[in-house]
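There are 2 protein chains.
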Amino acid sequence: LQTAKQLGEHAIIEIIWKHLTKAPNMRVPLGDDVSAIEGEGGAIVVLKTDMLVGRTDIPLQMSLWQAARKAVVMNVSDFAAKGVKPVGLVVSLGIPPDLTRKDIEQIAEGLNAGAREYGTFVLGGDTSETDDLIISVALYGSAGKKKLMLRSGAHPGDILATTGPFGLSASGLKILLEKVKTSPRIKRKLVGAVLLPRARLIEGLTLARTGAVTASIDSSDGLAWSLYEIGRASNVGFLIDKPPIAPEASRFARKHLLDPVELTFYGGEEYELVVAVKPEGWKKAQEAVNLKRGRLIRIGKTTEKKGIFLKQKDKTVEIEARGYEHFKQGGKRRDG
Amino acid sequence: LQTAKQLGEHAIIEIIWKHLTKAPNMRVPLGDDVSAIEGEGGAIVVLKTDMLVGRTDIPLQMSLWQAARKAVVMNVSDFAAKGVKPVGLVVSLGIPPDLTRKDIEQIAEGLNAGAREYGTFVLGGDTSETDDLIISVALYGSAGKKKLMLRSGAHPGDILATTGPFGLSASGLKILLEKVKTSPRIKRKLVGAVLLPRARLIEGLTLARTGAVTASIDSSDGLAWSLYEIGRASNVGFLIDKPPIAPEASRFARKHLLDPVELTFYGGEEYELVVAVKPEGWKKAQEAVNLKRGRLIRIGKTTEKKGIFLKQKDKTVEIEARGYEHFKQGGKRRDG
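So the sequence lines, in the order shown, correspond to chains X and V.
Residues 1 to 336 (my numbering) make up the first sequence, in order.
Residues 337 to 672 (my numbering) make up the second sequence, in order.
Take these hints with a grain of salt, some might be off.
[What the hints assert, rightly or not] With a Cα cut of at most 25 Å, we get these calculated DMTMM-like pairs of lysine to aspartate or glutamate:
#, chain 1, residue 1, chain 2, residue 2
1, X, Lys313, X, Glu280
2, V, Lys341, X, Asp259
3, X, Lys18, V, Asp434
4, V, Lys358, X, Glu304
5, V, Lys341, X, Glu304
6, X, Lys102, V, Glu350
7, V, Lys649, V, Asp595
8, X, Lys315, X, Glu304
9, X, Lys5, V, Asp467
10, X, Lys5, X, Glu320
11, X, Lys85, V, Glu374
12, V, Lys642, V, Asp577
13, V, Lys483, X, Glu40
[What the hints assert, rightly or not] To give an idea of the chain V side of the interface with chain X (calculated C-beta under 7 Å), a few residues:
#, residue
14, Leu337
15, Thr357
16, Ser371
17, Glu374
18, Ser428
19, Ile431
20, Thr436
21, Ile440
22, Leu459
23, Gly461
24, Glu465
25, Val516
Calculated directly from the structure, the hints in this document are not laboratory data.
C-beta: ideal position from N, C-alpha, C; glycine also.
Generate the whole structure from the sequences, applying the supplied hints.
Printed below as a string of structure tokens:
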């Protein structure tokens, strides 16, 4: 029999779905970033849960405050991708018995900081005893009668964009886990992306209001995987002519002879939004995001031809659809 | 510095609360069975999350199907205590890498069975890689504009009642963990209470509609602890003249020279509701529950005098306020 390790996270999730009775009032397909149902009066109720696990998700250099905050941020990021404002969250904490009072205070403060940063509140939760630290956050929001930005609405010819550059977290993880050396200034930026990730909530809420976005996803499993998911859900492909590598990641790649394509597309733990935008709505969308001091970076377009293609100086290469996946990688601390 | 093990679950939760910013629209005090906020239009949004942890919460004889179902039931039980119908749930699963495809199917089917049993649906979730199995369920419901049955409304002179007898799970756990022997018929009943617990959702929803209940809680931390919590929140005490021990638990206690008071009050993992009822509403409440084929068993009354007192044949004894607590017990599998 196949084990979880052999199956990988995506196959596991598909197996689970097959055994679930579908709710009649679901408004988002299983597998999108959030769950949503139509509640009483037609308002859309939005839910999301995801856990942070000590051994696999928390690099040794990350404080408990940062870990707890991140557990909130990664859930908020999925709300951001759908353009939904989070209202409140509950937390299920698995606490190892040797954690101190101070550790627990740090976790509580980190949870609270993450919630307040995005205008939401920790409403309650429960604690259990576990061997490894587990921070399981469940986020609730209401989308009213507005349409959510799904993964499934992109059309060939849409403009492909991201809310920020990529490669910072991937580089930061190399510094943290593989002890790769770099200048203090660059290190601060790269490691900061790992320890203090930001969800693009303002960007997501703003983009949802423009009505210009046809498909949206967050990039926590990496840019390549996000594109693969939009492509699968929307039945489109992508041609990228401006890969959104961050200047600091680019410099880091040059210095350490790393592949910038690898850093940009397969990083994971990035929390930028990846969106497809109707060409006629592009200007409005970009201006709206800029007005909120956010960025919307055009990186290419959606195409009828399936697959993810990257236009380079002299050739066009196909970007393989793989992403960060639990089980298959065996945990981020492996080199730590 | 004190560790989680020294602090215990209740102290840990209090530490966490102190560091949280309170949401302005909370409609249930922190620490009640569920979290609730007033949403748009005045409807009350209700949330609950709690996790099941392999090593501490799942006896070896419990199947993965049963464990997954129980993870849903224990959350539904808290909704039952507040009289709120669950609408949907999301699940955060921590899966050990050696679990097989069949194991994962069992978990999915157990989650689905638990949800469907109480008229609700699994709407989505996420998976992570963990050393120990973690099933973290977050339940959502709406109470409309109805009042929730809190822990805090009991008055001296109210009738104290439970929705069923106690001691079955405690006896069942002794059979499972300490290999205590008993007849097959009794064993089936006692072990069944552990492996297939039932949430008293119909009873809770029915009681809420009567408007006769002044305070309500579920009994997952044991009857004594549930009374302590109602007493603390309502500023009352209790005089119990009919301790609600199940006949099978009573027989089991006699046969194995166990203390029936211990089995009844300190079991934990029971999912009966413990309620205080206005005397003038008692008849209506009991009839309403009976009509739904449930039970409402009068066990005593609430008193002005604080503390939990048990009237026995020739004397009245005080019942100490302790309950099942994570960390302090060190996990249920310790004898398994």
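Check: With 7 Å as the cut and Cβ atoms as the points, is V:Val516 at the interface with chain X?
Finding: violated (25 Å)
Given V:Leu459 as an interface hint, is the shortest Cβ-Cβ distance to chain X below 7 Å? holds (4 Å)
Check: When the nearest CB of chain X is found for V:Ser428, is that gap smaller than 7 Å?
Finding: holds (4 Å)
Quiz item: Does X:Glu304 lie within 25 Å of V:Lys358 when you go C-alpha to C-alpha?
Solution: violated (50 Å)
Pair hint outcome, X:Lys313 versus X:Glu280 [Cα-Cα no greater than 25 Å]
violated (28 Å)
Please work out if X:Lys315 and X:Glu304 have their alpha carbons no farther apart than 25 Å.
-> holds (20 Å)
Would the hint on V:Glu465 stand, with a C-beta cut-off of 7 Å toward chain X? holds (4 Å)
Item to check | Closest C-beta approach of V:Thr436 to chain X relative to 7 Å, hint status | outcome: holds (4 Å)
Quiz prompt | Hint check: 7 Å Cβ-Cβ cutoff, V:Ile431 to chain X | solution = holds (5 Å)
query = Given V:Thr357 was flagged as interface, is its beta-carbon under 7 Å from a beta-carbon of chain X?
reply = At 6 Å from the nearest chain X Cβ, V:Thr357 passes the 7 Å test, so the hint holds.
Practice item. Please work out if V:Lys341 and X:Glu304 have their alpha carbons no farther apart than 25 Å. Key: Not satisfied, since the Cα-Cα distance of roughly 58 Å exceeds 25 Å.
Given the hint that V:Lys649 pairs with V:Asp595, test it: the Cα-Cα distance must not exceed 25 Å.
With Cα atoms ~16 Å apart, V:Lys649 and V:Asp595 stay inside 25 Å; holds.
When the structure is compared with the earlier hints, violations turn up for hints 1, 2, 4, 5, 17, 25 and for no others.
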